[in-house]
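Q: Residue-level listing of the chains:
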Amino acid sequence: MSASTYDAIVIGGGHNGLVNAAYLARAGKRVLVLERRHVVGGAAVTEEVHPGFKYSVCSYVVSLLRPEIIRDLDLSRHGLEILPLESTMTPMPNGDYLARWADRDQTRRELYRHSPRDADAYDDFGSLMYQLAFAVKPILEMIPPDPTSVSVRDLRALFRLGRHFQSLGAQRFHELHKLMTMSAADYLAEWFETDVLKATLSASGIIGTFLGPRSPGTAYVLLHHYMGELDGVFRAWGFAKGGTGAVSEAIAASAQSFGAEVRLESTVQEVTVRDGRAVGVVLQNGDEYAAKLVVSALDPRRTFLGLLDRSHLPEDLLTDIERFRIRGSSGKVNLALDALPDFTCLPGTGPHHRGAISISPSIDYLERAYDDAKYGAFSRRPYVDMIMPSMIDPSMAPPGKHVMSCFVQYAPFALNGGWSPERREAFGDAVIDAIAEYAPNLKDIILHRQVVTPADMEMEFGLTEGNIFHGELALNQLFFLRPTAEWARYTTPIAGYYQCGSGTHPGGGITGQPGRLAALKILGKLK
Amino acid sequence: MPLRTTPFHPRTAPLNQAQDWRRWSGFLVASAYELTHEREYWAIRSAAALLDVSPLYKYRVIGPDAGRLLDRVVTRNVAKCSVGQVMYTPWCDDDGKVMDDGTVARLGDDVYRMTAAEPNLRWLHQHSRRLNVEVADESDAVAALAVQGPNARAVVSMASEQDLADLRFFRVTHATIAGVAVTISRTGYTGDLGYEIWIPQEGARQVWDALVRVGKPWGLTPAGMLALDMARIEAGLILIDVDYVPARRAIIELRKSSPFELNLAWTVKLDKSGFVGRPALLAERDRRPTWQLRGLAIEWESLEEVYAEFRLPPQVPTAAWRVSRPVYAMGGQVGYATSGCWSPLLKKYITLAHLEAPYAAAGTELMVEVTAEHRRRKARAQVVDLPFFYPDRKRA
Ligand SMILES: Cc1cc2nc3c(=O)[nH]c(=O)nc-3n(C[C@H](O)[C@H](O)[C@H](O)COP(=O)(O)OP(=O)(O)OC[C@H]3O[C@@H](n4cnc5c(N)ncnc54)[C@H](O)[C@@H]3O)c2cc1C
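Sequence lines, in order, name chains A and B. Positions 1128 to 1654 (this note's numbering) are the ones given, in order, by the first sequence. Positions 5 to 400 (this note's numbering) are the ones given, in order, by the second sequence.
Just chain A, same shape as in the assembly:
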């Protein structure tokens, strides 16, 4: 055991681990972050895979990063700038397109072109989602109460939650109930008639899940997209200057400014438990570090089953964690381009290149993409959500050149026959084909391509089964159920061992909130 003892060791330098470390260090604790890779960030990372071209290798857009984290950790001073991503454009098979722009009038005019009724409905839908997001938001901000506990704190929190739901009024409560039980496709069909609009909206309900737009429960995730708007972040989606790695780097810089140490290429093998208490960690290379407490920022499988001897854990917890649904279903293709893709529906360079472009022509298209995955294949014609970071931040590529980030579904982790280099390239080809249908010049302008499969996400980024959110954002895995009913408040059965990754409340995405709430919980205990 090394001579010095840390107040806290954080395992995993993903953005949540870094947020956690920064808050602990800011409170005066001596903190060490141990990261397996050669860079911080985990799934929020920027890497120059092809010389001169920077890829946001995994996550590529930022919506829910908590503004209080940006304020508390002074992230703007550490270089964080989130630039607006203003539009979404979906090319259509008939040569037309559907776009939604930053401006309400402009969007209305565009929707009106497709359906006058949908243009009206879109405004009403937007205000309802805004109201419901406002209603649900307090839940995301709360350290989840334990509904079976009798502690005053938990009771108070539960009571607040109950009162909050009452205050919604019958109509909104009813609507919320629908969102929680219906499929995105069914819910949207109550509002809209334009297929391409329904498809593009429903796509947000399937991201990171092993579900199709017609699967019940996908409607709820629609709401998450309106959440970002409530904090003075008026654009739902943004792009971090320098790629999503810039988010992690700013948080790391902030943590270091508060005195935290960040050690790269340090893979933790095991958490040292003595007398039922976490007292440090052992690295793969045999190094040992002692600490008063240990925080895991890894996913629940790794936190419980990977880093601990099973004998330390109660049987029912082991069962719960084994059952925790974590099937990966997404892939990523990053491209270095010699020029911009030229979309047949909007020829030339235009404002659409500065926003998201979605390959989601119809609900059927998405559901078929899911059908392939259901039976263990990657989608032959996948859903793709892409952005061109170099159009927003020119420093992402050499002058005149471009990078393109393509998020893809579905690519099941459990691919029939397993993932291999050939299958990876075949998957990459399917993605390029799907886009090239609408931007025929794409194949001629590719300088380099990086294909990331769920298997790569597990191997390279330590995401179990390649799940982008450390576990599906399904309703039975949220709030006071994340990751399990008993251990949903950042604690574990082992004294001094905490969890703070995306597998804890409020879940995945670049929010920083699990890391922050866990730190608040720990600091309450450390007093």
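Because the hints were derived from the structure by calculation, they are not lab data.
Taking CB as the label site, the calculated pair distances span: (1) B:A22 x A:D1251: 35 to 43 Å; (2) B:M334 x A:L1647: 42 to 50 Å; (3) B:Q21 x A:M1219: 41 to 49 Å.
Chain A is nowhere near these chain B residues, computed Cβ spacing over 10 Å in every case: (4) A83; (5) P154; (6) N155; (7) R175; (8) P221; (9) L241; (10) T271; (11) E288; (12) R289; (13) W295; (14) W304; (15) L390.
Each residue gets a CB set at the ideal place from its N, CA and C atoms; glycine is no exception.
Put chain B with the ligand on the given structure of chain A with help from the hints.
A: Showing chain B with the ligand alone in chain A's frame:
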């Protein structure tokens, strides 16, 4: 261009000396044509003003059940609307809260035109189930001009070569201007004698040109939104999103208003059966509304006192404002003013205000917050029944 321009744009753009445009329902419209809007305001009150009001939403409602559909939706009794008549009306959601206001014009036995400030196509469709009616959005197909002011009748009569003396207040007629078939309604948003002309968009420019030609000797002046805003406050006419929040956009209940609370009790026909919001409105009538929309006239002497502290004469706004200002009684805040302006005609500083019902009687002395030299002060004001200005010529 991402924003739209109206069919009159080729005419209005060269006139807009400062290229001073504002947005209205996704269109560009002139704030003012001249460098100051004063002459345009006075044209409304002393001669005639020509206003491009094309961005209004317009729906054509046709079919044997057209009247029934409208009756289901709006609070006025459309069954009583005769051919050639126009009704001003609000419409409400199920809770009896105002969603929008506009007009319903009966153009033929089974043909109506509804104008609205907000998109309402979906709302109308939702209520037309099992009715034999068709609703068409003619917002783009129909351009609209308002000719407002004491000389409006002369101008429009000459342009249409038709004596409009018989076209009574809130009546509509078919006519031809410069060979273009139009409808002319005796309506407007200025509280003055005035007409609105509904023109197929292909003929828009011909009609504009004809009006400008015959209007010259009558002092017809193109006027923008700044002038209109002052006139409509004098006329006590409410503006959506400024004086009330449409129910579908109100995030909280507090922001919604019933027609009773907007001084529109006269438009609510509770004796007609089955229209959207009726049960809620019945209940509200019985328990009496908690708010009232009224005029407030700020006392000049009180303004003098406020500004005297800074050795200044009263500073009054040159254009209408649209920010909410608290209104107080002795005991505390009892309401808020939502828009206001200095009326050059009345020589009064006037505002529209939402007041708690007990403080809404005409003559009640209240106080409005004014900001003088960055400091908050209160100026005395009297509650006034609307409108502030009501010339005989408006209805004559
Ligand atoms: C392809 C993809 C696209 C995505 N797109 C978006 C998006 O656009 N927007 C969005 O908001 N979210 C997106 N997400 C989700 C989001 O990126 C993640 O939810 C979030 O970044 C997870 O952060 P974290 O800190 O909880 O965990 P991680 O980022 O997974 O961090 C865990 C860290 O622990 C390290 N580690 C693992 N094992 C060990 C060990 N034994 N010892 C030491 N260190 C270890 C890993 O290297 C990693 O750095 C995406 C995710 C993926 C994979």
